[in-house]
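Chains as they are written, first to last, in our numbering: chain G, 19 to 627; chain B, 248 to 582.
Mixed in with the good hints there might be a few duds.
[What the hints assert, rightly or not] Reference listing, derived: stretches of chain B covered by chain G, where coverage requires no fewer than 3 residues with Cβ under 8 angstroms from a Cβ of chain G:
#1 275 to 281
#2 469 to 480
[What the hints assert, rightly or not] Below are the SDA-like pairs computed for lysine to any residue, each with C-alpha atoms no more than 25 angstroms apart in a straight line:
#3 B:Lys369 - G:Met355
#4 B:Lys369 - G:Ser376
#5 B:Lys260 - G:Leu380
#6 G:Lys592 - G:Thr604
#7 G:Lys67 - G:Ala31
#8 B:Lys505 - G:Gly353
#9 B:Lys416 - G:Ser303
#10 B:Lys369 - G:Val363
#11 B:Lys505 - G:Glu614
#12 B:Lys260 - G:Glu379
#13 G:Lys491 - B:Lys416
#14 B:Lys369 - G:Pro366
#15 B:Lys505 - G:Arg497
#16 B:Lys369 - G:Leu380
#17 B:Lys369 - G:Arg497
#18 B:Lys416 - G:Pro611
#19 B:Lys369 - G:Glu362
#20 B:Lys506 - G:Arg468
#21 B:Lys506 - G:Asp272
#22 B:Lys506 - G:Ala613
#23 B:Lys506 - G:Leu91
Hints in this document: simulated from the structure, not taken from any laboratory.
Please read all numbers here as calculations on a predicted model, not as lab measurements.
Think of the CB as a built atom: it goes at the ideal place given N, C-alpha and C, for glycine as much as any other residue.
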Amino acid sequence: MMQRPTLRLLASAALLGALAAGWGYLYSNSRAVNTDRQNVTLGLLKDLKQIDTDWGADVLRSQADIIKSYDPLVRPLHAIADVIQRLEGDPTVHQDASLMEAVQSIRAAVARKSDYIDRFKAQNALLKNSLNYLPTARRDIENGMGNAGDSTAPAAVPVATPKNAAFVPVRWEEAVPLLVNDTLRYYSVPDIGVYDTLRGEVQRVRLSLPGYSAEVREPVGNLLLHVETILKLRSRQNDLLRDIASVPVQASVDDLAQRLTTRFDVALKEQASNSRLLLLYSAMSLALVFGAAGWIAYRNATERRRLAVLLERQTKVLKENEAQLIHAQKMNALGEMVAGITHEVNTPLAAVRSGLQSTRELMGVISETLQKDAELAQAVAAADGNRAEPLAQRLRSSVEAHQELASVDAVALVGQLVDGGIRSVDHISGVITNMLNFSRLDRSRIAPARLEEGLESTLAMAAHFLSGVSVEKQFGDTRPVTCDIAQINQVLLNLVRNAAQALPESGGRIQLRTRMASPTLVEVSVADNGSGIPPDVLPRIWEPFFTTKKQGAGTGLGLSTSRKIVAAHGGTLKVVSTSPAGSTFTMVLPVTPPAELQQRQAAAGATAS
Amino acid sequence: MSAVTPPAPGIDKPTLLFIDDEPAILAALRIVFRSTYQVVTTTDPGEALALLRQRDFDVVVSDQRMPRMQGVELLHEARSVSPHTTRILLTGYSDAEAMVGAINEGEVYRFAHKPWDNAQLKGLVDEAIEVARQVRRPELPEAVPSAAAAAGDAAEPRQLVVVLDGSSKLYAAAKAHLGEGVDLRHAPDLGEVVQLIEQQAFGVLVCALDAYSQDDSRRLHALKRAYPHLLVIAVCDCTDSDRLVELINHAKIFRFVKKPVPWALLSRYVASALAQLAEVRRNPALLCRQAAAPMEGALALQGAGLSTLGAAASPAAAPGRSFGATLARLLGFGR
Numbered sequence: 019m020m021q022r023p024t025l026r027l028l029a030s031a032a033l034l035g036a037l038a039a040g041w042g043y044l045y046s047n048s049r050a051v052n053t054d055r056q057n058v059t060l061g062l063l064k065d066l067k068q069i070d071t072d073w074g075a076d077v078l079r080s081q082a083d084i085i086k087s088y089d090p091l092v093r094p095l096h097a098i099a100d101v102i103q104r105l106e107g108d109p110t111v112h113q114d115a116s117l118m119e120a121v122q123s124i125r126a127a128v129a130r131k132s133d134y135i136d137r138f139k140a141q142n143a144l145l146k147n148s149l150n151y152l153p154t155a156r157r158d159i160e161n162g163m164g165n166a167g168d169s170t171a172p173a174a175v176p177v178a179t180p181k182n183a184a185f186v187p188v189r190w191e192e193a194v195p196l197l198v199n200d201t202l203r204y205y206s207v208p209d210i211g212v213y214d215t216l217r218g219e220v221q222r223v224r225l226s227l228p229g230y231s232a233e234v235r236e237p238v239g240n241l242l243l244h245v246e247t248i249l250k251l252r253s254r255q256n257d258l259l260r261d262i263a264s265v266p267v268q269a270s271v272d273d274l275a276q277r278l279t280t281r282f283d284v285a286l287k288e289q290a291s292n293s294r295l296l297l298l299y300s301a302m303s304l305a306l307v308f309g310a311a312g313w314i315a316y317r318n319a320t321e322r323r324r325l326a327v328l329l330e331r332q333t334k335v336l337k338e339n340e341a342q343l344i345h346a347q348k349m350n351a352l353g354e355m356v357a358g359i360t361h362e363v364n365t366p367l368a369a370v371r372s373g374l375q376s377t378r379e380l381m382g383v384i385s386e387t388l389q390k391d392a393e394l395a396q397a398v399a400a401a402d403g404n405r406a407e408p409l410a411q412r413l414r415s416s417v418e419a420h421q422e423l424a425s426v427d428a429v430a431l432v433g434q435l436v437d438g439g440i441r442s443v444d445h446i447s448g449v450i451t452n453m454l455n456f457s458r459l460d461r462s463r464i465a466p467a468r469l470e471e472g473l474e475s476t477l478a479m480a481a482h483f484l485s486g487v488s489v490e491k492q493f494g495d496t497r498p499v500t501c502d503i504a505q506i507n508q509v510l511l512n513l514v515r516n517a518a519q520a521l522p523e524s525g526g527r528i529q530l531r532t533r534m535a536s537p538t539l540v541e542v543s544v545a546d547n548g549s550g551i552p553p554d555v556l557p558r559i560w561e562p563f564f565t566t567k568k569q570g571a572g573t574g575l576g577l578s579t580s581r582k583i584v585a586a587h588g589g590t591l592k593v594v595s596t597s598p599a600g601s602t603f604t605m606v607l608p609v610t611p612p613a614e615l616q617q618r619q620a621a622a623g624a625t626a627s
Numbered sequence: 248m249s250a251v252t253p254p255a256p257g258i259d260k261p262t263l264l265f266i267d268d269e270p271a272i273l274a275a276l277r278i279v280f281r282s283t284y285q286v287v288t289t290t291d292p293g294e295a296l297a298l299l300r301q302r303d304f305d306v307v308v309s310d311q312r313m314p315r316m317q318g319v320e321l322l323h324e325a326r327s328v329s330p331h332t333t334r335i336l337l338t339g340y341s342d343a344e345a346m347v348g349a350i351n352e353g354e355v356y357r358f359a360h361k362p363w364d365n366a367q368l369k370g371l372v373d374e375a376i377e378v379a380r381q382v383r384r385p386e387l388p389e390a391v392p393s394a395a396a397a398a399g400d401a402a403e404p405r406q407l408v409v410v411l412d413g414s415s416k417l418y419a420a421a422k423a424h425l426g427e428g429v430d431l432r433h434a435p436d437l438g439e440v441v442q443l444i445e446q447q448a449f450g451v452l453v454c455a456l457d458a459y460s461q462d463d464s465r466r467l468h469a470l471k472r473a474y475p476h477l478l479v480i481a482v483c484d485c486t487d488s489d490r491l492v493e494l495i496n497h498a499k500i501f502r503f504v505k506k507p508v509p510w511a512l513l514s515r516y517v518a519s520a521l522a523q524l525a526e527v528r529r530n531p532a533l534l535c536r537q538a539a540a541p542m543e544g545a546l547a548l549q550g551a552g553l554s555t556l557g558a559a560a561s562p563a564a565a566p567g568r569s570f571g572a573t574l575a576r577l578l579g580f581g582r
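Excised from the complex, chain G in its bound form (with noise of 0.2 angstroms):
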């Protein structure tokens, strides 16, 4: 039992500790996204596609020959490196594998662009070379033919062959421009149409070539291999430009920033359920909290109610007790004072009885003498002679003593009054013993006892307010109780006195019953004919102090009293009344009472002696 409170105070700690956990545990789940971090990465990413963008327009602008250098198509891998690298580093995305993927996809479709740009900037290289060369190529054939001065010698018109019958030779004065001004118009729009011409025209002067002077064969010659490089390398750049701008690059980084806004969406709702959860959380544990100490406050304020009205309760047994302590006491001493009185005066009685008897056994004696001497004397007197006047005056007076004797029959007079003497010895002597019978001091206290006799002396006791009142007397056949005779008694007196007392003037009629209940158990009942106990009044009577009689008339605990006694005695009182019609209280009493009652009177045994 000592245990229980620090219990009881370890378990409203550790309760109150999971709480606190709890908290946390969603007070930092709710805070876990960072609005900064996703936007530093959506920068980066933002970054990327500025640097992929330019990238591809240094490639077409290198491709314009706007920029020279092939600097700006290296620069931004390092950056782009760098900017991946941070992305790598990032914790959200390391530490998902999806994002992770979407980086890879990124650093994958980078590293094919750089491919390809290289691969760009190697043709790039070749083509501008070829093109640089259309003018300086141009120029020196028309130069070098000038200083001969024989351009127009028919020797440059090609000896006809067998396999191009229908060929038509072209000059090459016509056709170099023409050749040079078509390959830059393909270079700067890649047509389809000016491609097949051009092609063409390449063709007609590779044929006319045998024709044309040794001077102008060689340039023309170099010119047209120029020409078809610039034709092979431009449409393939067309095709690596598409490729380039193919790559996918910025969806890749676009797929990244969509996964990296769909997790974090993802996250904040996560975050905003979490706050939602720890409002509620926090909610139900301060409604726990308030809870247990409204209930806790609820308990107090009924315990300490409960403890009043314990208190209270005790106060009144106590004070029950008390009295009924007292009472006890009072009996006690009231026996123990009876026990005394019959000694003290029984002695007495003892002698004034013996004595009465003796005188009236002498007053045989005493008559038959007086009787001789009366008629002596009336012998004397009546016969003749002489005497002196003084024996005659003597023998008169004699006479007349004995005939006033007789006249009022003193010695059967005497008797009487002897008699009368015993008679009275004998009331006083019986009152004594029944007063002991009834406190019973002389018995060991819980004995065997026939409550008839219990009955009978409670009867002589009661006798001063019994006068006028018919007792009937209805006793069966009952076992003797074992009991303490002299409380049943009180018990008894009470259930009789309180009986007379309801009585009516005249005609008042008590009766007096007793049978078996049941094999164990025996029923005394006694009932009067007298006002009955009105209803208001009926719950109360058991009550302790609680009285009808006057002031100082009753004590109001004969039957709170009487009811204790019984109870003791594992029995029961109570009580039928109905109100003008008379009550009849019955008390009901096992043969044998519980084993308590003799362990209780041998403690009171002890404590009284």
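Here the structure of chain G is known, so what remains is to put chain B in place on it, guided by the hints.
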């Protein structure tokens, strides 16, 4: 202070000793008894004992409550000082403890109450005188035939003691505590007791009394009237003074023991009962001390009366027929 009525010369008047602390009582008693008895009275128990040593008294009557010595104590002393003097306790207050003492230690012949009836008291005293005279008569000569049988009985190593006990609880306990020295028998009812007496002529009965029953006294009274030699040790769980008066005056019990049984004491009582029995065998006159006074509503052991006492009482055991023979057998002399 003692007062002695002068003895009438030449007549062997019975001598009575009265002790009471109240002179008026002594005066009254003197008046009652003075004509036909020699009466000595004293208020001083010490003087009474001195007187008992000096002279022969037939009867000593003592009050119980006295300032210096209780009546029980005085009678106990008187028993050793003057064994043949019959002892009567005259008391105005029935103190149960004192009564038990008077039975067990004082071996009083009767209890008498204050106030008394002169005629009744006279009758009681006359009875007591008769007992005293019987006891004092010269002992019977050894030559009586059955004395040898009595001696033979006495020589038996184990004497028969019967326990009358309806529930047999007492018997079981007695067997454990007393079983050594005596031959214990159990009798569930009075019929069985009668049967056993008829068969074995035992003389000591330990009797468990119902907590409350006047019938017990009646039964024991009947038994005692039929078999005066029987010494009854009553075992009861309550002490009730009225009852004790009944048991001593009408059932003439030998000892009274209150439950829970003090076995050592009971064992001593059984031993002294057996010793007493032996003494009675030697001097049957002592038997008159065991006389039970008549009782109102007494039961008869013969005929119908017996059948109410115990179911086990068979017609063969009806004691009327063989009572005399039993007595003779037991006491060692014929009628």
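Structure-based check of all given hints:
1. 275 to 281: Since 4 is at least three, the answer is holds.
2. 469 to 480: violated (count 0)
3. B:Lys369 - G:Met355: 32 angstroms, violated
4. B:Lys369 - G:Ser376: It holds: about 12 angstroms lies between the C-alpha atoms, which stays within 25 angstroms.
5. B:Lys260 - G:Leu380: 21 angstroms, holds
6. G:Lys592 - G:Thr604: Between lysine 592 (chain G) and threonine 604 (chain G) the Cα gap is close to 5 angstroms, so the pair holds against 25 angstroms.
7. G:Lys67 - G:Ala31: Cα-Cα ~57 angstroms, so violated.
8. B:Lys505 - G:Gly353: Distance of about 23 angstroms is within 25 angstroms: holds.
9. B:Lys416 - G:Ser303: 71 angstroms, violated
10. B:Lys369 - G:Val363: Distance of about 22 angstroms is within 25 angstroms: holds.
11. B:Lys505 - G:Glu614: 21 angstroms, holds
12. B:Lys260 - G:Glu379: OK: lysine 260 (chain B) and glutamate 379 (chain G) at ~21 angstroms, within 25 angstroms.
13. G:Lys491 - B:Lys416: 38 angstroms, violated
14. B:Lys369 - G:Pro366: Answer holds: lysine 369 (chain B) to proline 366 (chain G) is near 19 angstroms, not above 25 angstroms.
15. B:Lys505 - G:Arg497: 22 angstroms, holds
16. B:Lys369 - G:Leu380: Judged against 25 angstroms, a Cα distance of about 16 angstroms means the pair holds.
17. B:Lys369 - G:Arg497: This hinted pair is violated, its Cα atoms lying about 38 angstroms apart.
18. B:Lys416 - G:Pro611: Holds, at roughly 21 angstroms.
19. B:Lys369 - G:Glu362: Cα-Cα ~23 angstroms, so holds.
20. B:Lys506 - G:Arg468: Holds: lysine 506 (chain B) and arginine 468 (chain G) sit about 21 angstroms apart, inside 25 angstroms.
21. B:Lys506 - G:Asp272: The given pair, whose Cα atoms are some 111 angstroms apart, is violated under the 25 angstroms limit.
22. B:Lys506 - G:Ala613: Between lysine 506 (chain B) and alanine 613 (chain G) the Cα gap is close to 16 angstroms, so the pair holds against 25 angstroms.
23. B:Lys506 - G:Leu91: Violated - the C-alpha atoms of leucine 91 (chain G) and lysine 506 (chain B) are around 128 angstroms apart, more than 25 angstroms.
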